[in-house]
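Colleague: Taken in order, these protein sequences are the chains called U and P.
Under the numbering used here, think of the first position of the first sequence as 1, with each following residue one higher.
Under the numbering used here, think of the first position of the second sequence as 1, with each following residue one higher.
It should be emphasised that the hints constitute simulated quantities derived from the structure, not laboratory data.
Check each hint, because a few of them may be wrong.
Unchecked claim - Simulated restraints, written as ranges between beta carbons of each label pair:
| hint | chain 1 | residue 1 | chain 2 | residue 2 | range |
| --- | --- | --- | --- | --- | --- |
| 1 | U | 26 | P | 330 | 53 to 61 Å |
| 2 | U | 69 | P | 455 | 47 to 55 Å |
| 3 | U | 19 | P | 208 | 29 to 37 Å |
| 4 | U | 186 | P | 208 | 31 to 39 Å |
Stated by the list, open to error - Only pairs whose alpha carbons sit at most 20 Å apart, straight line, appear in this in silico DMTMM-like list of lysine to aspartate or glutamate:
| hint | chain 1 | residue 1 | chain 2 | residue 2 |
| --- | --- | --- | --- | --- |
| 5 | U | 150 | U | 89 |
| 6 | P | 159 | U | 215 |
| 7 | P | 159 | U | 204 |
| 8 | U | 84 | U | 210 |
| 9 | P | 159 | U | 210 |
| 10 | U | 150 | U | 215 |
| 11 | P | 374 | P | 442 |
| 12 | P | 159 | U | 207 |
| 13 | U | 216 | P | 305 |
| 14 | U | 84 | U | 204 |
Computed from a predicted model, the values in this text were never measured in an experiment.
For every residue, glycine included, the Cβ atom is placed at its ideal position computed from N, Cα and C.
Chain by chain, the residues run as shown.
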Amino acid sequence: MFLAYHLQVVNLLAALLLLISFAMLSQRRITGLVTLFAWQGAALSLSTAIVAWSTGQHHLYYSAALTFILKVLAMPWYFYRLVKKLNVDRDVEPMINIPTTMLIGIALVIFAFNLALPISQMSGTVTRSTLGIAMASVLLAFLMMITRSKAIPQVIGFLAMENGLFFAATSASYGMPLVVEMGVALDVLVGVFVLGIFFFQIRETFDSLDLKHMEKLKEK
Amino acid sequence: MEIYWLLGIPLAGGVFLALWGSRRNAPEINALFSLLTLLAAAALTMRIIAEGPMTVGGEGWFFIDPFNVFLVALTAFVAFTTALFSRPYMRIEKEHGRLNDQRLRLYHSSYQIFIAAMLLALTTNNMGILWVSMEAATLATVLLVSLYRTPASLEAAWKYFILCGVGIAQALFGTILLYFAAEKVLGSGGTALLWTHLNGVKAQLEPTVLQLAFVFLLVGYGTKVGLAPLHNWLPDAHAEGPTPVSAVLSGLLLNVALYAVMRSKVLVDGALGNEGDNSMAGNLMMGFGLLSVVVAAFLIKRQTDVKRMFAYSSIEHMGLVTFAFGMGGPVASFAGLLHMTMHSLTKSAIFFAVGHATQSAGTQLMEGIRGLIKTNPTIGWGLMLGTVAILGVPPFGVFASEFLIITTAMHEHPWATPFLLTALGVAFASIFGKVQPMVFGETTLPRLPYQPALTPVFIHLGLVLMLGLFIPPYLAAWYRQAAHMLGG
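In isolation and in its complexed conformation, chain U is listed as follows:
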């Protein structure tokens, strides 16, 4: 009963994670997207901490702390600053209209649950039922990357995908070995800073962060 109570909280947070993924799909403003990304990170970090507490897997505490520092504090702060400096926070129209995107999203969720079913049956963790949700949020993030033409939303989509993968790791096998998680976090951090430099280069050259200008390299 004691354990089940915590599990319910984890399931609630998993549901929140999925909801936030959908909210991201429908969000038009970049600052709104960054806020949602920070909330998604918070849900991920909290659920990881709860799993750590209820199962006694201590290394998950580090993973939760790492997620919190990077994905709730550092990266959103950095993105807010970027958006302000580059002055790009306007409403953006996605390439496919939002209701259609949502419908595709629902189909993806069903697909993800089917895909995750055989694996979660094999898993021995208490959190296995959330594996489907993790897969769904990976696919939804992927969808967001496809339907946005601006550089920053694409990157946020990429990071949301990373969130989904971490959640999958937590629910299937209580996370990855610590050294790997640290390495992945380092890569993500470096990646975001490299992109920061990169955004300024794109901006300097194209005078915009719209990737529609970047469709010259094609096979004729």
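Starting from the known structure of chain U, fit chain P onto it as the hints suggest.
Modeller: Frame of chain U, contents of chain P only:
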């Protein structure tokens, strides 16, 4: 011990050049660090040849066997010759006003870190760290591809980052699944992703999970190998980046990515218990490999940019190697390893020659490059010989490895041979037809006002020629051991 030198030197080089890289002698320092890395790699190779496979450090953080030590030696060697080539080349680019000191500092520092990341990917025993270092290698090169800050180069770098990022995220999921299967057998914790541990218990790993994991790993790392239909980033990144970067991307990074696929394949084959003919992993690799060969060969025909054309040729050759490894067995694996070596050496030599050719013509378009043999004979000969070598004309080594691959295919998978032969024929006709006027045509081009850095080109081609005529017995034995590691 050597392993720490091997990884430490390029890393220290990266930091050193980031801090003091705007000095005038930065290119020499870059070459010096690369030379030290090569010496460390040589020492490591000697030790492995003498003592056989070994694990190093803690619970076995590094694992070195004949398979990866051969790639380590190749990587360190090509990294060194590329550093030699880039010394005069980048200086000329700077004189042409395409680069400044700031960007050269970024270039030298990233170059060293890129080499360090690839060497870590090759030597680590942990499948998770393998993923981390592959991603680090991508990140180190993103800003190198966009070094010229032209619109096209920025677009290429963005495509490279996003496509490889998404690809490598698939590989991360594959790694998670692998850990999920491993943790049941090995228990949780840091050792469950160590390849040597996994290899020991591969027969007990859950086959369905491993199957799924391999699909994700193949798609993920396969994006970086440039396998069709995931190859879109590759021609752009190769064509728009500076030539030394094209040379190391094509000659080294693709190999390292394929190495990651091969390490996964050994595990899956073990878990499914069906090595050889009906290996699911092998069949998938054969399919992707064959598709890449055919797609690339037909796209080569349509290229107008010389670096793009040779980038497609890289896709074709990596496809061929993937196909060979997919077939498995001692001969095919041997041929695949040999072809990997030949392709690295030849393709980087071609890029060196092409780099100087484009510098003298001031364009990368093939119609603008004409009659090199008259104005700059060494560049002309370098390009011609390199092209002849990569097209598989005997007596160059590429012929030997392609011949082995095709005869094995005829023997074991006859259905594939018409595709392979057609594709190789089309590639031959298109590349030769386009390079011939570049070298021998009528020209109005001026002579290069400086001495081109072509020693590395002829060293590489000399090695390829030598290996085509005669493979020293100890090298052959070494390749055979490596092929054996691949389950051949």
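Colleague: For residue 374 of chain P and residue 442 of chain P, compute the direct alpha-carbon distance and say whether it is at most 20 Å.
Modeller: holds, 9 Å
Colleague: Is 47 to 55 Å a correct range for the gap between the Cβ atoms of residue 69 of chain U and residue 455 of chain P?
Modeller: Roughly 50 Å apart at Cβ, these two residues keep to the hinted range, so it holds.
Colleague: Run the distance test for residue 216 of chain U versus residue 305 of chain P: straight-line Cα separation, threshold 20 Å.
Modeller: Holds. Residue 216 of chain U to residue 305 of chain P sits at ~14 Å (cutoff 20 Å).
Colleague: For a C-alpha distance cap of 20 Å, please report whether residue 150 of chain U and residue 215 of chain U respect it.
Modeller: With a Cα-Cα distance of about 13 Å, the restraint between residue 150 of chain U and residue 215 of chain U holds, given a limit of 20 Å.
Colleague: Is the hinted pair residue 84 of chain U and residue 210 of chain U satisfied, with a Cα-Cα distance of at most 20 Å?
Modeller: holds, 16 Å
Colleague: If you check the beta carbons of residue 19 of chain U and residue 208 of chain P, does the distance land in 29 to 37 Å?
Modeller: holds, 31 Å
Colleague: Kindly confirm whether 53 to 61 Å is satisfied by the beta carbon distance between residue 26 of chain U and residue 330 of chain P.
Modeller: holds, 56 Å
Colleague: Would the hint linking residue 159 of chain P and residue 210 of chain U be met if the CA-CA limit is 20 Å?
Modeller: Within the cut-off at roughly 14 Å; holds.
Colleague: Would the hint linking residue 159 of chain P and residue 204 of chain U be met if the CA-CA limit is 20 Å?
Modeller: holds, 18 Å
Colleague: Please verify whether residue 150 of chain U and residue 89 of chain U have alpha carbons no more than 20 Å apart.
Modeller: holds, 11 Å
Colleague: Starting from the range 31 to 39 Å, see whether the pair residue 186 of chain U and residue 208 of chain P falls in it by beta-carbon distance.
Modeller: Taking Cβ atoms as reference, residue 186 of chain U and residue 208 of chain P lie about 32 Å apart, which means the hint holds.
Colleague: Between residue 159 of chain P and residue 207 of chain U, is the straight-line Cα distance small enough, at 20 Å or below?
Modeller: Roughly 18 Å separates the two Cα atoms, so the pair holds.
Hint compliance for this structure: no hint is broken.
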